[in-house]
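J.: Sequence:
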Amino acid sequence: MTAFTVRVPDETANRLDQLAEKLDRSRSYVAAQAIEDFVAREEWQLAEIEAGLAEAERGDFASDRDVAAVVGKYVKSARRA
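Per this note's numbering, numbering of the sequence shown is gapless, rising by one per residue and ending at 174.
It should be emphasised that the hints constitute simulated quantities derived from the structure, not laboratory data. A couple of the hints might just be wrong.
Below are the SDA-like pairs computed for lysine to any residue, each with C-alpha atoms no more than 25 Å apart in a straight line [said to hold, decoys possible]:
1) LYS115 x TRP137
2) LYS169 x GLY152
3) LYS169 x SER156
4) LYS115 x GLN138
5) LYS115 x GLU136
6) LYS169 x ARG151
7) LYS115 x THR98
8) LYS115 x ALA125
9) LYS115 x THR105
10) LYS169 x GLU150
11) LYS115 x PRO102
12) LYS115 x ASP130
13) LYS115 x PHE131
14) LYS166 x GLU150
15) LYS166 x PHE154
16) LYS169 x GLU148
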């Protein structure tokens, strides 16, 4: 495991301490979990963006008919409400 120092505003450190206390965990555990969650979310989002760009480069777009069907589904739902 690697250790490193992160500087955060005092208010953020205080909030982190409060969360750690409520969760009965250490500040380090909560901070490490937050970093892991952030990294996983960012990796997923970037992979989805890259996949979308690859689809666009291949010209793999929804047809006008497909888009109209999806939009029509939600426009009808909004009118009923």
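J.: So which of the earlier hints does this model not fit?
T.: Violated hints (numbers, rising): 1, 2, 4, 5, 6, 10, 14, 16; every other hint is consistent with the structure.
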